[in-house]
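Each chain, letter by letter, is given below.
Protein chains: 2
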Amino acid sequence: MSKKYVYLFKEGNASMRNLLGGKGANLCEMTRLGLPVPSGFVVSTSACMEFNKNQTLREKIEKQIFNAIKKIEKLTGKSFGNAQNTLILAVRSGARISMPGMMDTILNLGLNDEIVEGIASQYNPRFAYDSYRRFIQMYSNVAKGIKIEEFENLIDVIKQQENIILDKDLTTENFKDLIKLYKKIYKKNTGEEFPQDVKIQLMEAVNAVFGSWFNQRAVLYRRINNIPDDWGTAVNVQSMTFGNLDEHSGTGVAFTRNPSTGENKMYGEFIMNAQGEDVVAGIRTPLPIEKLKEENEEIYNEFVGYATKLENYFKDMQDMEFTIQSGKLYILQTRNGKRTPTASLKIAVDLVKEGKINEKEALLRLEPNKLNSLLHPIFNEAELKKRKPIASGLPASPGGAFGKIAFSVEKVIELKKENQKAILVRLETSPEDIEAMTISEGILTARGGMTSHAAVVARGMGKVSIVGCENLKFVGNKIKLGQKLYQEGDILSLDGTTGNIYENEISLVPSNLTGDFSTVMQWVEKHKVVKVFANADTPQDVKEALKVGAEGIGLCRTEHMFFQENRINIMREMILADTLQEREKALKKLLKFQKKDFIDIFKEMKEKPVTIRLLDPPLHEFLPKNKQEIENLAVLLNKTQEDIQEKVVKLHEFNPMLGHRGLRIAVTYPEIYQMQTRAIIEAGIEVKTKYDINSNIEIMIPLTICAREFLHVKKDIKETANEIIKSANLKLNYKIGAMIETPRASLLADEFAGIADFFSFGTNDLTQLVYAFSRDDSEKFLDDYYEKNIFKINPFDKIDEKGVGKLMKYAIKNAKKVNPDLKIGVCGEHGGEADSIDFFVNLGISYVSCSPFRVPIAKLACTISSLKIKN
Amino acid sequence: MSKKYVYLFKEGNASMRNLLGGKGANLCEMTRLGLPVPSGFVVSTSACMEFNKNQTLREKIEKQIFNAIKKIEKLTGKSFGNAQNTLILAVRSGARISMPGMMDTILNLGLNDEIVEGIASQYNPRFAYDSYRRFIQMYSNVAKGIKIEEFENLIDVIKQQENIILDKDLTTENFKDLIKLYKKIYKKNTGEEFPQDVKIQLMEAVNAVFGSWFNQRAVLYRRINNIPDDWGTAVNVQSMTFGNLDEHSGTGVAFTRNPSTGENKMYGEFIMNAQGEDVVAGIRTPLPIEKLKEENEEIYNEFVGYATKLENYFKDMQDMEFTIQSGKLYILQTRNGKRTPTASLKIAVDLVKEGKINEKEALLRLEPNKLNSLLHPIFNEAELKKRKPIASGLPASPGGAFGKIAFSVEKVIELKKENQKAILVRLETSPEDIEAMTISEGILTARGGMTSHAAVVARGMGKVSIVGCENLKFVGNKIKLGQKLYQEGDILSLDGTTGNIYENEISLVPSNLTGDFSTVMQWVEKHKVVKVFANADTPQDVKEALKVGAEGIGLCRTEHMFFQENRINIMREMILADTLQEREKALKKLLKFQKKDFIDIFKEMKEKPVTIRLLDPPLHEFLPKNKQEIENLAVLLNKTQEDIQEKVVKLHEFNPMLGHRGLRIAVTYPEIYQMQTRAIIEAGIEVKTKYDINSNIEIMIPLTICAREFLHVKKDIKETANEIIKSANLKLNYKIGAMIETPRASLLADEFAGIADFFSFGTNDLTQLVYAFSRDDSEKFLDDYYEKNIFKINPFDKIDEKGVGKLMKYAIKNAKKVNPDLKIGVCGEHGGEADSIDFFVNLGISYVSCSPFRVPIAKLACTISSLKIKN
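Here the protein sequences come in this chain order: A and B.
Okay, so the first sequence: first residue is 0 according to numbering that gives the first Met the number 0, each after it adds one.
Okay, so the second sequence: first residue is 0 according to numbering that gives the first Met the number 0, each after it adds one.
If we strip away everything but chain A, and leave its shape as in the complex, we get (with noise of 0.2 Å):
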């Protein structure tokens, strides 16, 4: 028997999501519920990709679609090409994950010359050809390729002349007007007549829908949210339901709890007398749900049934699709519904409340990444207070943001590549604005609803959105907003929480963690595995790290220390110095500013482990470059300024990444690492003494590639430790480990695992040289790489599986053959990156390290991906 490819709504279910995609998957199931789903089948993703390998495949389906089609004549009574009772089809795609917007649809389909007049002598005249011509349009712009723009001018042509300004009041006769001109449009883009063969329409439609996984904005969509490429989608063909059909029709869309908060309260909008397009397009401003209530009852209460089943059937706040045609409802979809990170904690916690499912399971749901924008800041309270908005809209996603106005996507390109923030404002968006949405700092929009695209795509962002907002008005190349005007470049602040809009920039500041947040935070403390540290360099950020629930000090760079402006000189005094002895002497007073920090850090930290890492930059950074400081350095340590200038020269790199940094400073100069252990070790003891804590000391060593040189910079700074610590008559622990940061030191992990007291991946300089990429330089040339499509993500950013990941994966597992209880932490940028940390946990470690105001979600991925791994 052939491959099934084509699956009626009753053979398949909601489990069946990667072979029938999301949307069909659930159409099955809500079947299978007894919803009032109109009838259809789907054709699967693997038709997709098969297909588009190979073109052969294309009779094989086309068989099973129409077997499929004769069926769903049976079920609906009515004949796919009969005029007289024709069957209309709706073709939709659907993804394994839902890409709102991102593909293709074809509605009204099984319309042609003669079959319209059937309908408009079944129906009414009007809303037959109105159909009809929204079938051409939208089967030219989907499987043709025509824009969009040249059917949508006549309309605007037509109105103008017959002095029309809304849709509604358009006329039969205006319609088949357009109809003849819609054709012609046709005929001059394909060169070809509109097809009237039905089974043509079809099978051009399904083509098209698969075609549209492959568009750039699929791919651009793909790319942002890390979908892979050959997932492919299904193809849902069902029989049409017209919201238009009269005024007892009506369509609109609902979410079983509001999105933006998380309420529990049903919140959608509705259209009498439309298609769903216009709701989800945002062209027409629609009702509340509520309303729906006063229009009909019955309906209002029948869908509010339907609601709280399919909510509870999936356990999650679906977002539902519904069409009324002449007063029967009908459920064309449901889903679990996109939110804000605000309202997916809300949900969540209420869920967990419910008993509807537990901690764990809610934990699952949450999605670090994006509650990092929670995490980010929000306007600062005093200065709000003194402002007045000059406008305000829907607030469709939260947050604060300023930046310049830009009104395309162009302008919000070039705003980014001279580093500044931009704010995109629009009559509406579309599809083509994701990459202006993506790098844009929020996004303003004239017209559309709470589910309109700006309000659906910024939220999956969690990107600050205000839509809808009606005192809004494009005026030549300026916008009126309120009652001033303003143009590219002007600075608004939106308050996405509140959706006021203010003049000029307002200062923003961290959020708390408060309320649901909290809630969640608690479930990850009792449920957490893999630890999570902090990076921080003094007293102070350690004291920030330890309110934000760091567990300990993944990287204390140590170097930090010396930047202060009483201790750079000495630092310098001690690079310049001609002889050991003069080294010697400005190390010592380095000493004392070391000692004091380490106590300081110590007695914060308690015996939370404090990772420390000895100096690593090459010494010249610490050097002063231009002309005035050289000369006030030569004043003050009575040296020449040719002196000064001629080490400058001497120390100066070609490429310092590359150069003499790390452990290789201390192969040198071993009285530096000396110092800065004895610092460690004083500090240590003198806490010990003074105040009862028993330090969890870790001293790391940077950049090491070769055993041998590891071991000969850690018997130095064991042989200075424990002299102190013998001197000091008392036991004090502490541990060398080996920051794994070159690929050498990855390839020949089992060497380090036996002497080493644990690792630590330093994964932006393992990135930089696995890519032979500056951070410094790379900036320059990697917009290039994104725009030709051949880089999706930053690797500075989230990890390299592919490459870095698959070195540390190697170097782990060898590591772990020679110590299987070797500590092994991360403890570069990517440790505090939901996507990283899931491959970091997936690998075994035992802590990751970030930025202190990364670390809740760095807890929350951590805590996610080992609760995966346990599932």
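Because the hints were derived from the structure by calculation, they are not lab data.
One or more of the hints may lead you astray.
The list makes no distinction among identical chains, and a pair is therefore deemed to hold if it is satisfied within one copy or across any two copies.
To be verified - Subject to a maximum C-alpha distance of 30 Å in a straight line, what follows is the list of computed DSSO-like cross-link-like pairs (lysine-lysine):
(1) Lys797 x Lys602
(2) Lys816 x Lys158
(3) Lys477 x Lys198
(4) Lys869 x Lys186
(5) Lys605 x Lys198
(6) Lys787 x Lys734
(7) Lys175 x Lys816
(8) Lys479 x Lys158
(9) Lys179 x Lys714
(10) Lys791 x Lys646
(11) Lys649 x Lys420
(12) Lys602 x Lys143
(13) Lys546 x Lys867
Following the hints, put chain B in place on chain A, whose structure we already have.
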């Protein structure tokens, strides 16, 4: 039964080299062959390594040793420690491969205050007391680490007191006095009396030899010669024979062929009435071996007989030591003799001619890295003719060298650090000088013969050396050489081939491949498997490459074509272009030059492969840096200096190695690679149509990190090339390969294997990235790494098998899974280094590419490595 650590000579044979060391195994073999070898036994190398780890083995080893002593007593009829008829022992080290002078020996062991009197009465008193004082001296030095000078100074004092000039004039009473003084030194240094128990003497001696494996100079020697630390040394304990017993006694060393020239004529030296150490140490000037015939024809003939027997048995030139004791000949040692590179070729060719070995066996005996010196400079013949030598000595190791005079190890190191050439000038050399010998250009000594330390070691290193220069005197802190005084820093030229010494510098020229080398290269051509290409960037380079036998061009760096004076400014015009049009205009001019170069290269190369690397360095490398140049360029290009300065600043990179270079340039500016492709393809078409040459074109894309990036650039090259070929209306083949020079490309080699026509490993960059070592910067700190014994070898000179090599192995394994026939080459500097080549050949590569002057050695190395694999 407990493990056997001790083997009587008759229990071993030549194949037991790993267990018994080279010397021990050959002593056993000679015993088996019936040669007159003094009785003895070998304590195995595993005893050395195991004892070092576990001192409790002492008792077990001791027991086996004294059992063996009992058997030796039976064989010799003497008794160890018995004053009346005592057995005197020689205790010598002997590792798996010979490490001349590196390890320790104690002779005359078994003497004490009582026994020496027995010997005195049995033989002659002077001999007895001389032997005893020699024993005390060696034992004190070797077993107790007391400086040899402390003893030798005493001899000088006595000689002065007694007004004696030569050692041989010292009397028995002198020796008795010396013995008393020696014992005092011993006690002063050790706090103990000199041991009278011969068993303690023996065990301490064995201990000391074991320990000598770990002494500093042995470690250094192993590092230079790449000998594993865990081999250990055996200890050979042998009944002493005395070359200094009387006037009918003597000692000598001889080679079965001339170790300097390879001539098939016995070559050696002997001294009558002396111990062996006197010959090797070069303290007394010996007589040539031919003179032995005059001294004692019977012994001479007997010795020649053994020499022939041994050479025929081992099928290689032998280096033998012998002793004559009161007219009876003993053979103390035989081993394959060290030889100069020249001699190694002649001996190999002669042995093949004599039918003793075949070509393959002969090839397997050659050491390609050492033959390098033959391809390295000799003095310019014309210049040499005009010069008169100021002095001459023995031509110990051939070739020409000049440099500044250095009297000490420290001075050589100092000169090296300033990048200056040094000639080490010494009275004689000792193992402490090894490091200075390694880094100097040549070695000149006043004392010693062709088998002295300086001569043997220099030959082993392929280092120019003249020894035994009698006209060389040390006068204060100067030397007198011939008629004149010279001081450190003055320049000398040494002709190691003739032994002549010249004032000042004589210029050097490459040597030619003639005679035996050319015979060997004919064998190579017959047995070669892996191909050797050359790196060549210009038509001129290409001619040179073909001359030395390159089978293709493995790396043609196209940017080198731009550095010529008439081209660099066009290159700059291209880089400074403000618009695509301007850039294309400049590129058109460059196209003309590049095309011409490729035509000339293709004409030379005929159908041999030409691998062309497209532009690699960052663009800023071509821009002027100093004010004057910028000024000139501004005039030339009709731009302002500020414009140019601004561009220089804009293009500046912090880490150019990790910056905008390689194919990254083509991602940003596709027109550059397009121009290069056009130049290559149009050149290919022209040589095809005009000269009927089907060029073998391989285009190589540098620095790739991901398949998408490679494909992006490859597609552009292909489209450009195919369009040109199509318009030309002919068939032209070309390949597009990937340079694998980033860790990421290595980690993703399986992806590249499917899309690249060939691979070429760029091991220079790969080494930089795996180590995080900038070649431009690392030299500065690598000295510290050598000094502190962290690094043995510069990873840019010899491939790092453990790190870089592991990555290459991983890449090749995965690439071959996808494409088993993938052509894989290496084009880094390592492609011309024999050890690295051996590693690459074992990885299964298809070719290496190196500098033209290294091609012959690379061919030899490739062939030897392939033969080893087949063996």
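Kindly indicate which numbered hints from before are broken by the structure, ordering the numbers from low to high.
-> 1, 2, 3, 4, 5, 7, 9, 12
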